[in-house]
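The sequence shown begins at 78 in the working numbering and counts up one residue at a time.
Note that these hints are calculated values from the structure, not bench results.
Please read all numbers here as calculations on a predicted model, not as lab measurements.
Don't take every hint at face value.
Unchecked claim - Using C-beta positions, here's what the derived DEER-type ranges look like:
| hint | residue 1 | residue 2 | range |
| --- | --- | --- | --- |
| 1 | LYS105 | ALA85 | 18 to 28 Å |
| 2 | ALA85 | ASN109 | 13 to 23 Å |
| 3 | ILE107 | SER87 | 14 to 24 Å |
| 4 | VAL86 | GLN108 | 15 to 25 Å |
| 5 | ALA85 | PRO110 | 17 to 27 Å |
Backbone N, C-alpha and C define an ideal beta-carbon position, used for all residues, glycine too.
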Amino acid sequence: MIRTILPAVSQKHFLLPIPSLELQLNNKLIQNPGW
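Build out the structure end to end from the sequences listed, making use of the hints.
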């Protein structure tokens, strides 16, 4: 549905970046794709 309304939105913008501090505190986390 979103893709038909906003076709110019890149896949990157469906997920937000995980804050750097959270990534540092938990080394099992990986950054969301594109960020």
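(request) Go through the numbered hints given earlier and state which of them the structure violates, listing their numbers in rising order. (result) When the structure is compared with the hints, only number 1 turns out to be violated.
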